[in-house]
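Undergrad: When we follow the numbering used here, the leftmost residue of the sequence shown carries the number 1, and every step to the right adds one.
Keep in mind the hints are simulated off the structure, nothing from the lab.
Even for Gly, the Cβ is constructed at its ideal location relative to N, Cα and C.
Keep in mind that the hints are not guaranteed to be accurate.
Unchecked claim - Mimicking EDC-like on lysine to aspartate or glutamate, the simulated pairs with C-alpha atoms at most 20 Å apart in a straight line are:
1) K8 x D28
2) K111 x D90
3) K109 x D90
4) K210 x E246
5) K197 x E187
6) K255 x E174
7) K190 x D228
8) K250 x E219
9) K249 x D236
10) K190 x D179
11) K130 x D151
12) K138 x D172
What the hints assert, rightly or not - Have a look at the derived ranges for each label pair, beta carbon to beta carbon:
13) V48 x G170: 17 to 27 Å
14) K8 x K129: 26 to 36 Å
15) D228 x Y75: 51 to 61 Å
16) R165 x K249: 42 to 52 Å
17) N69 x D179: 42 to 52 Å
18) Q87 x K255: 47 to 57 Å
19) Q261 x N240: 16 to 26 Å
20) D228 x E162: 48 to 58 Å
21) D228 x D90: 49 to 59 Å
22) E285 x G170: 15 to 25 Å
23) I154 x A223: 35 to 45 Å
24) A267 x Y75: 26 to 36 Å
25) G37 x M252: 51 to 61 Å
26) Q87 x V279: 35 to 45 Å
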Amino acid sequence: MSITYHKKTILQVVPSLVNVGVERSTIDIANYLVQSGYKSLVASSGGVLLEQLNNTGSTHYLVNTASKNPFVIWYNHTILSDIIKQQKVDIIHVRSRAPAFSSYLAARKTKIKFITTFHGFYNFSTLIKKMYNSILVKGDIVIVVSNFVKDHIIKHYNVPEEKIRVIHRGIDLEYFNPDNISPKKLEQCKAMYNIPKDTCVILLPAKMTKRKGHEIVIEALNAIKDCDFYCIMTGDILSNRNFTNEIKKKIMHYKLQSKIQIFGSTAHLPELYALADIVLCPSIEPEAFSR
1 MSITYHKKTI LQVVPSLVNV GVERSTIDIA NYLVQSGYKS LVASSGGVLL
51 EQLNNTGSTH YLVNTASKNP FVIWYNHTIL SDIIKQQKVD IIHVRSRAPA
101 FSSYLAARKT KIKFITTFHG FYNFSTLIKK MYNSILVKGD IVIVVSNFVK
151 DHIIKHYNVP EEKIRVIHRG IDLEYFNPDN ISPKKLEQCK AMYNIPKDTC
201 VILLPAKMTK RKGHEIVIEA LNAIKDCDFY CIMTGDILSN RNFTNEIKKK
251 IMHYKLQSKI QIFGSTAHLP ELYALADIVL CPSIEPEAFS R
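Please model the entire structure based on the sequences and the hints provided.
TA: Now the structure itself:
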């Protein structure tokens, strides 16, 4: 059955479609937009959630939005401008710093609304870093995920309070409901992740970055290495390859290769949550509003 679009056309722009918070929110919003009669477009460099996005009825454009190369960013703004013109986009919504520059240029070029979401507490130890972060406060409307982030951008980026909207992030409970997962899918997931039988399964679903606490987890598990457990670390391992390699070396140093396994971003988080006996969230720095 064809869908009749009677409302605005929204273009969301994210670096990729790996299964982390920002991208998961993009899928959820895309699904809501289509169900509500809006035309939903997403530009990204692709990833494991692409099939889920397509299933929402949204249209995906493959663009190298993850690149921080200034020449690629400039080129991307022309691609986004063409999409905006061809699809008669009303609003462009960007959720990450790297693609925000090209999205901002495209929005100004085509004179459409530019909306941003400030998802987290970004490091701004240097002036250059702060300038890089500040692209996300240039939105006509700036969405923040908590009152903490709202206060943060008012204090450090001088954002007028009247253009900030606090929208707490939620989750699709049905998507993660274990009752909706078939035994067959669970068995397939066990095989895919090499999960041993009758073992305590520990899950750490987080992007590979220092603040998420992977190192502390390895130290803790090394202290109980004689216990029966199997730890799955899953998340974006490509954005910070150096740190990922450090974690792999640490696991090898403690000879925990058989007990701790690293996997990339996955579309099987509901199954992994259902299989896990323990789920870890060991962040070592304050988080804005993690899902």
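Undergrad: A separate judgement is required for each hint: does it hold in the structure or not?
TA: To see whether the hints hold, each was checked on the structure:
1. K8 x D28: Roughly 17 Å separates the two Cα atoms, so the pair holds.
2. K111 x D90: holds, 9 Å
3. K109 x D90: Given that 20 Å is the threshold and the Cα spacing comes to 13 Å, the pair holds.
4. K210 x E246: holds, 10 Å
5. K197 x E187: Measuring from Cα to Cα gives roughly 11 Å; hence the hint holds.
6. K255 x E174: violated, 39 Å
7. K190 x D228: The hint holds at about 17 Å.
8. K250 x E219: Answer holds: K250 to E219 is near 9 Å, not above 20 Å.
9. K249 x D236: holds, 18 Å
10. K190 x D179: holds, 17 Å
11. K130 x D151: holds, 16 Å
12. K138 x D172: violated, 29 Å
13. V48 x G170: 17 to 27 Å: This hint holds: roughly 21 Å between Cβ atoms.
14. K8 x K129: 26 to 36 Å: At roughly 34 Å between Cβ atoms, K129 and K8 fall inside 26 to 36 Å, so the hint holds.
15. D228 x Y75: 51 to 61 Å: holds, 53 Å
16. R165 x K249: 42 to 52 Å: Once the Cβ atoms are compared, 43 Å apart, the range 42 to 52 Å for K249 and R165 holds.
17. N69 x D179: 42 to 52 Å: Holds: the Cβ-Cβ distance is about 46 Å, inside 42 to 52 Å.
18. Q87 x K255: 47 to 57 Å: Since the Cβ atoms of Q87 and K255 sit about 54 Å apart, the hinted range of 47 to 57 Å holds.
19. Q261 x N240: 16 to 26 Å: holds, 18 Å
20. D228 x E162: 48 to 58 Å: holds, 56 Å
21. D228 x D90: 49 to 59 Å: Because 56 Å falls inside the window, the suggested range holds.
22. E285 x G170: 15 to 25 Å: holds, 23 Å
23. I154 x A223: 35 to 45 Å: Hint holds: Cβ distance 42 Å, inside 35 to 45 Å.
24. A267 x Y75: 26 to 36 Å: Holds: the Cβ-Cβ distance is about 29 Å, inside 26 to 36 Å.
25. G37 x M252: 51 to 61 Å: At roughly 53 Å between Cβ atoms, M252 and G37 fall inside 51 to 61 Å, so the hint holds.
26. Q87 x V279: 35 to 45 Å: For Q87 and V279 the Cβ distance comes to about 40 Å; the hint holds.
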